[in-house]
Each structure stands twice: as C-alpha cells, then as structure tokens.
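K.L.:
Letter by letter, the chains look like this.
Number of protein chains: 2
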Amino acid sequence: MPLLLLPNVLGDVSDFSLYLPPSVEKAMARIDGLIAESEGGGRAFLKRFKTKKKPHEMPIALLNKNTPAGDMDFLLEPVIKGETWGVVTDAGLPCLADPGSGLVARAKLRGVSIEAFSGPCSITLALMLSGLSGQRFTFHGYPAKEDELRKKELQVWEKTSEKEGSTQLFIEAPFRNDAILADCLMALKETTLFCVACDLTLSTQQVITKRIKEWRKSPLPTFAKRPAIFLFTAA
Amino acid sequence: MPLLLLPNVLGDVSDFSLYLPPSVEKAMARIDGLIAESEGGGRAFLKRFKTKKKPHEMPIALLNKNTPAGDMDFLLEPVIKGETWGVVTDAGLPCLADPGSGLVARAKLRGVSIEAFSGPCSITLALMLSGLSGQRFTFHGYPAKEDELRKKELQVWEKTSEKEGSTQLFIEAPFRNDAILADCLMALKETTLFCVACDLTLSTQQVITKRIKEWRKSPLPTFAKRPAIFLFTAA
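So the sequences go chain by chain: E and S.
Once you know that position 210 of the first sequence is 209 in numbering that gives the first Met the number 0, the rest is easy, because the numbers rise by one and skip nothing.
Once you know that position 97 of the second sequence is 96 in numbering that gives the first Met the number 0, the rest is easy, because the numbers rise by one and skip nothing.
Misleading hints may appear alongside valid ones.
Note: identical chains are not told apart, hence a pair may lie in one copy or across any two.
Using 27 angstroms as the maximum straight-line C-alpha spacing, the simulated BS3-like pairs for lysine-lysine come out as follows [said to hold, decoys possible]:
| no. | residue 1 | residue 2 |
| --- | --- | --- |
| 1 | Lys144 | Lys162 |
| 2 | Lys216 | Lys53 |
| 3 | Lys46 | Lys188 |
| 4 | Lys212 | Lys107 |
| 5 | Lys80 | Lys212 |
| 6 | Lys80 | Lys25 |
| 7 | Lys224 | Lys151 |
| 8 | Lys162 | Lys188 |
| 9 | Lys224 | Lys158 |
| 10 | Lys107 | Lys224 |
Hint data in this document are derived by calculation from the structure and do not stem from the laboratory.
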C-alpha cells in the first residue's frame with residue numbers, strides 16, 4: 000500500500016523518458032490511481048506510461064491549493080485499503096512549491112509507506128545553471144501581492160543574502176513575470192547578481208544572470224506567461 | 000563546447016540507470032573529460048557508462064572545497080578549446096551543497112554553453128519524504144562548529160521557521176550526525192517537528208519525523224557515518 004511521489008516534466012517536452020529515471024516507468028505500471036494537481040495534468044501524465052488500466056479508466060483524485068486539509072484521510076483511503084497510488088503535480092516534484100506535504104504528513108502518521116522518485120525540479124536546475132551559490136539558499140514561494148510590502152520583502156531577502164552569502168529564490172504567477180522583474184530592478188541594489196531562469200528543460204530555455212546595474216541598462220526580454228524562477232545573491 | 004552538469008547517485012546503488020534519466024547516459028557518451036569532486040568518485044562514475052575512451056583513460060580534473068577560485072579558467076580551458084566536459088560531485092547534484100557554482104559563473108562569463116541534467120538530490124527528496132512543508136524552505140549547509148554558536152543558530156532558524164512557516168534544512172559531517180541530533184533535541188522547542196532523512200535512495204533509507212518532545216522520549220537510533228540531512232519546522 001505505498002504512496003509513490005512521482006516527478007513530472009517541466010513543460011511540453013516530446014519525450015518524457017529522457018527527463019525521468021526508468022524507475023518512474025516501473026512505478027507507473029504499479030499504480031491503481033493517481034492523486035494529481037489537476038485533472039488535465041493528471042490525464043496527460045498517465046497517457047505517457049503503460050498503466051494497469053487504460054489512462055482514461057484510471058481513477059484520478061485532486062490535491063491542490065483548493066483541497067481542504069481535512070480531505071487527506073479521504074485521499075488516503077484506497078491506499079490504506081491496500082492499493083498503490085501515485086502523487087504528481089502539473090510540473091516538477093510533488094510537495095515542492097506545492098501543497099502535497101500535508102498528504103505525506105498524514106500518510107506517515109497512518110503508517111503508509113512512501114517512496115519518492117527523483118526528477119526535474121526548477122529550483123535545483125535554476126541553482127545549477129545560474130552560477131549563483133547553492134551552498135546556502137532559501138526558496139520563498141510567491142512574494143507579497145501588495146506593492147509596498149513586496150518591495151520591502153525583496154529588500155529584506157537581499158539583506159539576508161548579504162549577511163549569509165545565500166541565494167534567494169522565488170516564483171510569481173507567469174502573467175506577472177515581467178512586472179516582478181521590473182519590481183526587482185527598482186528594489187534591489189545595483190551590485191546584486193540577479194538571475195531569471197525561464198522555460199527550464201524546454202527548447203526555449205533562457206537562464207540570464209547579470210548584476211542589477213546591467214539588467215537596468217539593457218533592453219528587457221519578456222518572460223510573460225512562461226514558467227520562470229527568479230534568484231539573486233547580494234554582492 | 001558545452002559544460003554538462005551531471006547528477007550522481009546518492010550512494011552505493013547497484014543500478015545507476017534506475018536513478019538517473021537516460022539523457023545522462025547520452026551525455027556521458029559525448030564527454031572528453033570529467034571535472035569531479037574526487038578522483039575516486041569521478042572514476043567510479045565513469046565506469047558506469049559507455050564513454051569515448053576507456054574509463055581509466057578519460058582525463059579527470061578536480062573541483063572541490065580545496066580548489067582555489069583562480070583555477071576556474073584552467074578547468075575551463077579544454078571546454079573553451081572546443082571539448083565537451085562533464086561536472087559531477089561524489090553524491091547528488093553539482094553546485095548544490097558543493098562549490099561548483101564558481102565554475103558555472105565563470106563559464107557563463109566566458110560564453111560557454113551549459114546544460115544541466117536532473118537527478119537525485121538529498122534536499123528535495125528529504126523535503127518530499129519528511130511531510131514538512133516544501134512551499135518555503137532554507138538550506139543552510141553546515142551549522143556552526145562552536146557549541147554555543149551552534150545552539151544559538153539552531154534557535155534563530157527555529158524562530159525564522161515559526162515566523163515564515165518555512166522548513167529549515169542542514170547537513171553535518173556524517174561522523175557528527177549523532178552529536179548534532181543531540182544538540183537539536185536540547186536546543187529546539189518541544190513542539191517543533193524534526194526530521195532525520197538518512198541513507199536516502201539506499202536499501203537502509205530511514206526518514207523519521209516526530210515532535211522534539213517525542214524524539215526526547217524514545218531511544219535514539221544512530222545515524223553516525225551515514226549520509227543524512229536534518230530538517231525541521233516550528234509549530
């Protein structure tokens with residue numbers, strides 16, 4: 000009755016198997032159902048693998064930011080009865096920048112065995128490709144929505160980076176990517192090294208690292224509506 | 000002339016290919032040389048793949064905490080001349096909890112193209128398997144060596160966790176694992192959720208998450224000399 004935490008690819012890649020270890024293919028042949036972030040994302044994932052039933056016959060249960068915390072026992076019911084279920088998000092690793100950890104915590108308390116698989120992760124790929132330090136770092140999730148709060152938050156993160164020598168990472172709703180980039184260019188110090196990692200693992204991948212001063216000088220590329228992660232270290 | 004950032008497995012697993020995506024095998028067939036954390040680790044990695052030359056004939060250059068920052072241009076020389084080199088650490092992803100980012104930063108400045116591959120990472124696996132939140136987290140590297148400083152540091156991280164709702168992660172030299180666990184049980188609050196993730200991906204894997212209060216009550220398992228990562232969230 001294990002719960003299998005499965006990696007997804009980071010976007011519309013033609014060959015899933017190039018990005019995921021073969022153990023994921025084997026795991027997918029074992030599952031009786033899938034807990035997914037969205038119905039569409041879950042079905043698209045199922046279609047890529049050989050499964051016990053046809054992809055459209057496999058049960059899918061949803062777990063996302065709208066799922067009440069009290070629903071975890073309901074989601075775990077088939078697993079506790081002896082079935083094997085997978086957990087997958089629409090992109091990357093479950094439980095990272097994603098509310099899956101509540102399910103895992105509850106599963107551990109109920110004695111469910113849990114297996115995690117390695118795979119693409121925008122946070123680690125961005126750290127590797129940015130040239131910024133991965134020896135110490137913080138992933139913040141989303142910055143504050145309110146303008147003044149967000150500006151202050153960015154500056155607090157910059158001070159922390161300066162003090163610790165750490166890298167600070169965050170994400171934004173893709174339609175707001177260009178707006179948050181503009182905010183960063185205003186709020187951060189000109190010597191801070193700032194990186195945008197966009198469309199990771201896709202053919203359109205861009206990972207640009209420059210000092211804020213240089214970002215301000217050059218014409219800004221657009222990252223709107225493309226998956227991106229932002230990271231910086233203060234000098 | 001690309002530089003390929005390659006994942007390694009997290010320990011002595013019998014079948015590398017189960018843990019790494021097939022793209023790593025293809026990448027290994029392209030490389031002219033390998034930048035590794037240690038000679039032994041590099042050779043062991045090479046032996047697992049089909050390479051252009053025999054594993055013992057492939058050139059290995061070292062990049063680790065003893066490498067002077069000024070050596071990056073020397074390491075990049077063959078790549079700049081047109082060769083394809085891989086970068087690998089003894090376990091997990093290069094540049095994470097590892098000094099590889101200086102090489103990547105220099106390579107970017109010199110116009111070298113860089114490709115990163117996905118693979119096992121103790122930080123993300125621990126977050127997924129712990130049941131602790133992966134929506135916001137900090138990886139600190141190693142805690143301070145001096146007793147009082149270390150205790151204070153743990154308590155500062157706990158306060159940050161309480162304020163942000165974030166998970167705090169750190170590592171220790173494996174021979175000190177039991178000592179740092181004892182320190183945490185003394186320094187942290189009894190309601191804090193504390194996890195040890197040990198021997199990740201190995202047959203001896205243990206991921207134990209309990210409140211500090213419960214850790215204090217039960218007999219302590221030993222994690223000495225086994226790769227482990229520690230993580231906690233304040234309640």
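K.L.:
Would you mind marking each hint as holding or not holding in the structure?
P.N.:
Cross-check of the supplied hints:
1. Lys144 - Lys162: Answer is both: 26 angstroms inside a copy and 18 angstroms across each meet the 27 angstroms cutoff.
2. Lys216 - Lys53: neither (54 angstroms within a copy, 49 angstroms between copies)
3. Lys46 - Lys188: neither (47 angstroms within a copy, 47 angstroms between copies)
4. Lys212 - Lys107: Result: close only across copies, 18 angstroms inter versus 48 angstroms intra.
5. Lys80 - Lys212: neither (59 angstroms within a copy, 31 angstroms between copies)
6. Lys80 - Lys25: within (22 angstroms within a copy, 41 angstroms between copies)
7. Lys224 - Lys151: Answer is within: at 25 angstroms inside a copy they meet the 27 angstroms cutoff, but 43 angstroms across does not.
8. Lys162 - Lys188: For Lys162 and Lys188, both the intra-copy (14 angstroms) and inter-copy (25 angstroms) Cα distances are at most 27 angstroms.
9. Lys224 - Lys158: Intra 29 angstroms, inter 36 angstroms, cutoff 27 angstroms: neither.
10. Lys107 - Lys224: Answer is between; shortest inter-copy Cα gap is 26 angstroms, intra-copy 37 angstroms.
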